[in-house]
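Could you put together the complete structure from these sequences and hints?
One line per chain: the protein sequences are Y and Z, in this order.
The opening position of the first sequence corresponds to residue 1 in my numbering, with each subsequent residue numbered one higher.
The opening position of the second sequence corresponds to residue 1001 in my numbering, with each subsequent residue numbered one higher.
Don't read these hints as lab results, they were simulated from the structure.
Think of the CB as a built atom: it goes at the ideal place given N, C-alpha and C, for glycine as much as any other residue.
It cannot be assumed that every hint is accurate.
Stated by the list, open to error - DSS-like cross-link-like pairs, simulated, lysine-lysine; straight-line CA separation at most 27 Å:
| id | chain 1 | residue 1 | chain 2 | residue 2 |
| --- | --- | --- | --- | --- |
| 1 | Y | Lys106 | Y | Lys336 |
| 2 | Z | Lys1106 | Z | Lys1336 |
| 3 | Z | Lys1145 | Z | Lys1214 |
| 4 | Y | Lys145 | Z | Lys1143 |
| 5 | Z | Lys1143 | Z | Lys1214 |
| 6 | Y | Lys143 | Y | Lys214 |
| 7 | Z | Lys1145 | Y | Lys143 |
| 8 | Y | Lys106 | Y | Lys214 |
| 9 | Y | Lys143 | Z | Lys1143 |
Claimed, not checked - Residues of chain Y placed beyond 10 Å of chain Z at every Cβ, according to the derived structure:
| id | residue |
| --- | --- |
| 10 | Glu37 |
| 11 | Asp84 |
| 12 | Arg111 |
| 13 | Asp182 |
| 14 | Gly258 |
| 15 | Arg272 |
Protein chains: 2
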Amino acid sequence: MTVTARTIVLAARPQGTPDPGDFRIESAALPDPGPGEVVLQTLWLSLDPYMRGRMSDGPSYAAPTPLGHPLPSEAVARVLVSRDAGFAPGDIVAVHDHWRDHMIRKGTDLRRLDPTLAPVQTALGVMGMPGMTAYTGLRHIGKPKPGETVVVGAASGAVGALVGQIARLGGARTVGLAGGADKCAYVTETLGFDACIDRTAPDMAAQLAAACPKGIDVYFELTGGAIFDAVLPLLNPFARVPVCGTIATYNATSLPDGPDRTPALLRSILTRSLTFRGFIVTEFWGDAPEFYPRMAAWLQAGDIRYREDITQGLDQMVATFIGMLQGRNFGKTLIKLAD
Amino acid sequence: MTVTARTIVLAARPQGTPDPGDFRIESAALPDPGPGEVVLQTLWLSLDPYMRGRMSDGPSYAAPTPLGHPLPSEAVARVLVSRDAGFAPGDIVAVHDHWRDHMIRKGTDLRRLDPTLAPVQTALGVMGMPGMTAYTGLRHIGKPKPGETVVVGAASGAVGALVGQIARLGGARTVGLAGGADKCAYVTETLGFDACIDRTAPDMAAQLAAACPKGIDVYFELTGGAIFDAVLPLLNPFARVPVCGTIATYNATSLPDGPDRTPALLRSILTRSLTFRGFIVTEFWGDAPEFYPRMAAWLQAGDIRYREDITQGLDQMVATFIGMLQGRNFGKTLIKLAD
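In structure tokens, the structure reads:
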């Protein structure tokens, strides 16, 4: 059986907002699998904001994707051929892979999924990296106490939606920001946030202040930009800010105009005893054994809800990614490649 | 006995660098002490950078000093008259007081000092608030591990000198910055830092990078400004930044010109998993029972050294304060009022 793999590679480094011309699809026949290897068909790929960082060659926590190489993605895949005794054709697995529809991987790279526990694509969302990000960022850095106020931007997105729901389950007051009335209605009515502010409203900062009458104790930073500016004056003494992403600035090609407000930020940190702590979820993989059963129980009890924004086909992946950076997704962004 | 108290009050809010005209000395006869009160003669007053913040009415962790009111200072004083059974004339005490030479205070406000343990004015320095600041900021936030690199600006000043020495005692590599060759020689030769960079050198940033070949794991922030700018690119993943002061910007009346580098700072925090944590020493007063004996032992063993910059007389206090903000002090800034 000859399997052809179609792979999206990075053709050029995006300047600002990525352009479809920055990407290219390549096709190649896969070789036969060696001992311990399996041939996989991708069922689902994930799109996440961090991927924008890998496309630039500035300093970051991970090396940039070299030009001509495939981009990273978490994937859910089906085993087609196995030369690893631990896997059989038809098994469904999660694997850290690339933007492609078939692959050969070692069995040791795979995590078996149980399709009876939850839909398998949740391994890319609530039961995967975004879920772990929200859970561990709150657990180790945000540490909300009952009655405290937790604020998160991108509240209808994969991570933000979970931040608010997990914080609410711990007894916190939760305030989200999202783009537009539909998303805000979802955030309060379906996800159960106490309030949601439309980030596009001209008086967004005043609305946020009104929604946080006791100030903000935990700000889970996913967005940066105008939301950060609105949050900073509201942070209470000893507030904690897990810094997880700054999607509002990912496409920026230069810094904003002055003045340079860095000294004012340092002074706020000093005078209000604030904690800013950046983190990458990989730091906290050790929490996985407690995370998976806990999230599964929350899902089964209906305590945590999630929404998927599904696009069909590898050919649509680039356009979907560009739209996600502009906030056009509504829920966890997924690419479905096969049933 | 009628005692006249001379008190320095805030006459006007300084705009930028304080001017002598922003202060005024007032004289007033003290009333007789009531039950539980004592009359005190100030022997030593302390000048510390945080006092600049109290002179402005911007938001801070402490209310600003109202115009016409005395400015705060830690003081070492002698009991002249006592109506508190716990104190007798001649006793030496530490008290959080004001810029003045005599006062009436309750006995319950006083902390008795033992002149045989250490010179009494160390209650304003190594054995007082600056010492606690260095000790607790490292203990709770900086957490240097043996072999890690700790950087501090104002390294010949009251807090900075202790940060480096305490970190060195814990096995860290210590790099300071100070203003001029004399101070740098003191920092390395007397205080035992591994290196000290002249902050006025045109190639200060390059010198700092060369002195930190393994990057920076703990940056104890006392200065802000150009030193912060030089440190930020050198911070290692998971570096910790106790934010204790930003003396370089205390006199600033406006923010620096742009671009606004706030997004770049947030991105650095994110991509390198940095911790920025502001603190005021009062948060950690609970450490006092372990701090005092530990510091006393270090002093007696010669493991920790300190230098005092002593000016005589209340009349010189304002000029000394203005000079300290400009880095003209060399060591802990003290005002001596009486033997």
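Cross-check of the supplied hints:
no.: 1; hint: Lys106(Y) x Lys336(Y); result: holds (23 Å)
no.: 2; hint: Lys1106(Z) x Lys1336(Z); result: holds (23 Å)
no.: 3; hint: Lys1145(Z) x Lys1214(Z); result: holds (14 Å)
no.: 4; hint: Lys145(Y) x Lys1143(Z); result: holds (25 Å)
no.: 5; hint: Lys1143(Z) x Lys1214(Z); result: holds (17 Å)
no.: 6; hint: Lys143(Y) x Lys214(Y); result: holds (17 Å)
no.: 7; hint: Lys1145(Z) x Lys143(Y); result: holds (25 Å)
no.: 8; hint: Lys106(Y) x Lys214(Y); result: violated (52 Å)
no.: 9; hint: Lys143(Y) x Lys1143(Z); result: holds (20 Å)
no.: 10; hint: Glu37; result: holds (33 Å)
no.: 11; hint: Asp84; result: holds (34 Å)
no.: 12; hint: Arg111; result: holds (24 Å)
no.: 13; hint: Asp182; result: holds (28 Å)
no.: 14; hint: Gly258; result: violated (2 Å)
no.: 15; hint: Arg272; result: violated (6 Å)
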